[in-house]
Structure formats: C-alpha cells, structure tokens
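Q: Once you have looked at the hints, place chain Y on chain C.
Chain order of the listed sequences is C and Y. Take the first sequence: its letters are residues 12 to 372, numbered as in the numbering used here. Take the second sequence: its letters are residues 12 to 372, numbered as in the numbering used here.
Quick caveat, the hints were computed from the structure, so don't treat them as lab data. Treat the hints with care, since some could be wrong.
One copy or two, either will do: identical chains are not told apart, so a pair holds if it fits within one copy or between any two.
As a list, the in silico SDA-like pairs of lysine to any residue whose alpha-carbon atoms are at most 25 Å apart [stated by the list, open to error]:
{"hint": "1", "residue 1": "Lys256", "residue 2": "Arg285"}
{"hint": "2", "residue 1": "Lys94", "residue 2": "Asp183"}
{"hint": "3", "residue 1": "Lys94", "residue 2": "Ala185"}
{"hint": "4", "residue 1": "Lys256", "residue 2": "Thr316"}
{"hint": "5", "residue 1": "Lys94", "residue 2": "Val182"}
2 protein chains.
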Amino acid sequence: MVDHDPVREVTRADVAALAAGCAVFGTGGGGPVHIERLATEAALDEHGPVRLISVAGLTDDDAAIVLSGVGSPSVGVEMLGAKGQPATVVREVERLIGRPVTAVMPAEIGGSNGVSAVRWAAELGLTVLDADGMGRAFPEATMIAMNVAGLVSEFCVLADMIGNVAVLRTVDLAWLERQARAMIVASGSVTLGAHYVMTSRNAPGAVIEGTVGRALRVGRALLAADDPVAALCTALGAGLLITGKVVDVERTATDGFTRGAMTVDGVGTDRGRRLRVELQNENLVALDEGEVVASVPDLIAVVDTETGTAISTEMLRFGQRVSVLAWPCDPLWRTPRGLELAGPAAFGYHLPYVPLAGTGR
Amino acid sequence: MVDHDPVREVTRADVAALAAGCAVFGTGGGGPVHIERLATEAALDEHGPVRLISVAGLTDDDAAIVLSGVGSPSVGVEMLGAKGQPATVVREVERLIGRPVTAVMPAEIGGSNGVSAVRWAAELGLTVLDADGMGRAFPEATMIAMNVAGLVSEFCVLADMIGNVAVLRTVDLAWLERQARAMIVASGSVTLGAHYVMTSRNAPGAVIEGTVGRALRVGRALLAADDPVAALCTALGAGLLITGKVVDVERTATDGFTRGAMTVDGVGTDRGRRLRVELQNENLVALDEGEVVASVPDLIAVVDTETGTAISTEMLRFGQRVSVLAWPCDPLWRTPRGLELAGPAAFGYHLPYVPLAGTGR
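This is chain C alone, in the form it adopts within the complex (with noise of 0.2 Å):
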C-alpha cells in the first residue's frame, strides 16, 4: 500500500512533505512541526541535500547518535534552538566514544523531532539514519525502542542554548527523565540531547527502521492528494474512526504534560455517533460509546477533514472538522516489555491493549 522505493536523500523539496508526515505520526504530540520546517529548509538551502542511510547500510566506522530536541514545546514555539548546539553535542559525544559520529537518528519521528534530524545533519555535514526510536511521538524517555531492545546508554548528552553541556551518567532511566528535566528547567527549555550511539551491531532490532523515509512518502501521499483523508488512511495502512465535529475539549497543563480529552460528534454517515480520545501530549485511547477502540502503544491521529492536516492535542478547538485515524504500531511495542513500557497501563489506564489489525509496517 506504501510505495517502498528507498529515499536515498532528503532535499530542500522535501521538507514540507517530511514535516507533514512527522506531524502525522506526531498523533498529537511531539512537538510543532511549522517552525522546525522552516529552519530545515533553510539549512537546506545553506548546506545541501541530506543523504539517507538505512540500517544495512551502517558500516564497522559508523556511530550514529540519537538527537532529540528536549523540553516544552510551548517554548520551542517562540525560541528557536542555537546554531552551536548539534556541533557541542557531537564534540562531547565523540570525547566520550573516542571515534567520530557519522551519521544523526531522531529519537522519535513523530511531530518536529523527525523533522529536525535531517536539520542538524545538514549543519553537522552528517548523514541521517533512516530509523527512529519510537515510529512515533511518547513523551517519556523510557519510552524508547532501544530501552525495549535491552540496550543500555553509557550517557546522555545535554547542551543548551547557552552553550552549557551536561554529560549525564544515571542509574537508569527514570532518573534519567528526573535529572534531564531539572536540567532542561534550569537552562531555558530548548534543550538538545544526544542518547544512545547506534552502530551495525547494536541498531538492528533495537530501532524502528525506515521511519524517516516513510515519514517523507506519508507525507507527499498527503500533500499530492485530492482526498487528502483517504490518501493518508491508505498510506499508514489506517482506519478510519470517525469523522465529525469537535464538541469538547479538556486539557489541564501540569508536571510539564498536557492531559485531557476531546470528543468528537460524528457528521454525514457518523452522525449520531460520539467518539472520545483521551490525550496526555499524545492522543493515547480512543473510545467509541466507551468501548475502546484504540489505544496506545497504536497510532491515533487527530487530522482536519479537509486537507488532511494533523492537529496537535495543543492545538484542538472546539467546532474544528476533524477526522479521526488509527494504525497499528511496531510489532517490537507489541512484545511483553514493549507493552510494559509504553501500553495503556504504562499511562495509567486499567485497559486490555487490543491490538489494531495490521503489520505496523
């Protein structure tokens, strides 16, 4: 149903679709994508086409290290990144592994973190490893492909804008997640951490494969699309939920989390039907009449009926048209640790996880 020719590089040309798609396996969270596609075409313009490698591809010399841009994307929104950052962080991580980094992974494709990826590879004059660490957005960073495949980081690298950089060694991830955070608070939230160094020998099986790349066919599917809603359920391999109007939406800000919920009332052939999503930065469970239909580690996307646009559990209102898709995950969160980790009861729901029909792939 995708077309699966390998993407080999990332121009400028694509970065509208790549932001489109990340938005999309974004399921309402990780961040905005808008800006993040602006600063990645410019560095594209400045330094050139990014080539994409795959995970086979990865030769003994290559280690790839994991980005993410960390902190709250409400900041993120007004303050862009500093030009040094991904450059501080290459040159500690390569003090620590004692080699030279090669190549950039983002930690999650899903929202403006995928779309970034392909950014400070082009600054760093670096490749981009076409795999991710989730094949979505989750908000914490236990949640990780890497953490479900065993794999232990020796550090974890932070470097703010100011120019500080912190070398984190914790007893595990939670403290991790705790002592980032307070670093992230200290240092003005626009945070750029670098964890985990993939190479040929730890990546396979240990990240999700060919996101990048998927993100960027999603992406065009959409935008090339005269229905656009049709176009993307065929492209994820997704179903469609509901489409309707947006009648409700609860959403509190707290522990630097957005939680709530929105409901949606069906329209045309929906009508008289009431869909909820239950969100916590990302939509997490979908209940039809309170029966679940969807849930996490499964993708949900909010998207607007009309062009097919992702919406952010921060940007929902009340009144928008909106259609509402879910699609299988990777099979790796549907293994015992992966659904420990990051399934409904990982987020605090007493649910069954119900797995959606379909490979993920």
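A: Showing chain Y alone in chain C's frame:
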C-alpha cells in the same frame, strides 16, 4: 601568635579539634560539623590517619580534586552521603583528565566540608592538600580563590547518593551555580561535587594555603583552653566585638539561603552596647549602633561565651550567651577581584569595605 609547626597527618584523635576549628571558620555557615565529625572518626578508625601535604609539596604527578558536599545543610543533617560517592567522582575525574587523582582539597574549610575532606581522603586512600578555596565558608560557587585568581575549570562533576553522576561544562560560574542547584534538588540535595583540579603549576597563588592545619590548630587551642574565647582570639588573631546575650533573631529561608539578622545586647563590661549581625547563611556584617565594625570578606564568628563553640546562623536562639569575634580574611579576598566577588556589594550591601587590621594569616 599561632603555632605554625606544620601538621603532617590527621589522626582519629584530631577530628574533634578539626571539627571545632572548621565550625569557627564557618562564620555561621558551611553546614553543621557534628555529623561529619562522627563519620570522619569512623572513617579514620577504618582506614587509619590521613596524610596532609602542602602546596609546596605537590609534585608534577600530583592532581588534587577540589571536593565539596553541596545541597541543603538541613537535609545533610538527616541524611549522610553514600559511601560510593567519592569513588564515583574520582573515577569520572580521572576519565576526564586522563591521569590518577592523588589528593583531595576541600572547596571551603569552614563548616562540614573542611572535616569531610579528611573522610573522603581516608575512604579514597588519598592525601589531603593543606589548602582550601575560601579560607572560610561562602554561599556561592563564584566565591572561590581559584576564581579570584582567574583559573577556569573545564568541568564540574556531581555524584549523587543514588549513583548518578553528571559532568557539567558551563559557560561561566553563574551558570554552573544555576545548573548544579537544579541537579542537586532533583537528586535529593546530598550531592558530592568536584570542581577544579589543582596541580603544582596552578595551585600557588590560586588557593588559600595551610587552612586545614590552621583549622586543626585553632580547634586544638579552643578545646584545650581554660578561657576558650580568649584562646580563640589569640589563635585567630581576632578581636572581640561584644560579649552579651542574643535578644533578637530574624531569619527566613528563601531560595535555599538562610537570610536575616541577629542582635546581641552587651553584658558585663559591654553592658549598654548593642551589636547587630546581618546573615546570609554566613555572618556577613557586624554593626555597632549602625556603624560597620566588621564585614565580609573578613570573618565574623558567633561563639558560645562559656565553651567557645561556634554557633551557626541556623542555631541562633533568643537568650544565648554569646561572644562575637572578627578577624581579617586572607589577602586574596582584599584584591579588587576578591572584593568584587565577595565584598559587601556582592551580598547586596551598599557599604564600603573597611578592612580589619591584621594580615589574616
């Protein structure tokens, strides 16, 4: 006036005197010494005496790390550091500098850190460099001799009780203070920090020499005396500002600092006089009827009139019979850069600094 015979080692029997001396040099702050005294006696019971070396005795192969227990003294009273913290810090520093650490220097001699340095050295099997970064206690990381001398430390290492370790490379000391505080709060407030590595090349002129031995000698003089306050004045080269009774204590805890003031009404030959001491963790300014009679960076200690025991700003109480002593700081603090960092204006006082007479050694 002070016995300048070099102290060559610190034994278990010396710890009580060292703790008493460090409390005096704490000038009201630096953290309580009584728990550290017990922990250090236990460490010397286990590991034997610790050797003291002078700055002049450093060889080209020596590398002394500057350690301090950082965080809230209020927490420190109830929670001892973990045994592994010093070793974790040393391992990380050795990785960063690429050679062995051979000695420990306390960041500040005043308060608990001066005592802890002996415990850390015992646990690590290292020597203690007979020097410190303040010659007293000060509340902020910028107020340190190495900073007065213009030394720049490439990193600060923080190890918490849990086993987490962080390396911070900040653009300046103000950012270090801000980020380190955030980390320390996230880690439960009992953190061991290493900042600066002192060698035979960079130490001369950039540390305050002989202060561990001096604290030990002052403590010995205090504990052995029939008239402890008179003995302290002699050992310190201090003047007695007042002997009296605490009649007022104002104190608030804000931003992790204890701020306020205390008032002493004279007794005996001082009857009819009134001294006010302004506090911020340490005793900062002494005013006699509104006239400054001593101020930072000179040292002001409030001691029990009967025993000569130093009373920290947190332990001041209405009705205590106290003597207030003041003596000159190290000449390094009287340089323009020293006064900029730790003179009255650095604490928000619009007062000219009037040096106490004496050399401060």
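Q: Decide, hint by hint, whether the structure agrees.
A: Now for the hints, and whether the structure bears them out:
1. Lys256 <-> Arg285: within (10 Å within a copy, 75 Å between copies)
2. Lys94 <-> Asp183: between (30 Å within a copy, 19 Å between copies)
3. Lys94 <-> Ala185: Answer is between: at 22 Å across copies they meet the 25 Å cutoff, but 29 Å inside does not.
4. Lys256 <-> Thr316: within (9 Å within a copy, 79 Å between copies)
5. Lys94 <-> Val182: between (31 Å within a copy, 16 Å between copies)
Hint check: no violations occur; every hint is consistent with the structure.
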